[in-house]
Amino acid sequence: MSSSTTSECVNYQAWNQPPRTGEQGLRRLQDVSRDLEDSQALGANVMANLSDQREQLRTALRHGDEMHGNLLISRRLIDRMTTRAFMVKFMFCIFIGVLLLAIGLIIFFKWGPHGTPASSPPPP
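The opening position of the sequence shown corresponds to residue 53 in our numbering, with each subsequent residue numbered one higher.
Rather than coming from a laboratory, the hints here were simulated on the basis of the structure.
Every residue, glycine too, gets a C-beta built ideally from N, C-alpha and C.
Treat the hints loosely; a few may be bogus.
What follows is a list of derived Cβ distance ranges for each label pair [unchecked claim]: (1) Thr111 - Gly149: 53 to 59 Å; (2) Ala112 - Val150: 43 to 49 Å; (3) Ala112 - Met139: 37 to 43 Å.
All chains should be built: construct the whole structure from the sequences, respecting the hints.
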């Protein structure tokens with residue numbers, strides 16, 4: 053097929069003119085036949101490219117599904133880890149609180165409310 057618009061215009065005009073001799077008609081028919089073969093080859097190339105692109109798209113979709121699955125697994129794992137870490141911190145805080153309460157009670161009952169040992173007699 054022609055690439056420039058000027059030659060397409062010339063070919064169009066030549067196609068619409070009646071052939072003067074059988075030889076010119078034969079040449080025109082051969083040109084049209086070549087153009088048709090070129091178009092068919094181009095169409096086959098386009099179909100092959102589309103088929104390749106379809107396979108590439110399927111591969112990309114499979115890869116995307118795998119990545120999505122991996123992200124979901126990672127998210128679940130992170131959720132579990134953060135939940136576990138929160139529970140450990142919470143239990144540690146409770147342990148420290150109970151320890152401080154026990155130390156406070158021991159000090160209170162050993163020294164009494166006035167800061168003197170409970171076993172000593174009250175001041176005069």
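Any hints this thing doesn't respect? Which numbers, in order?
-> Number 2 only.
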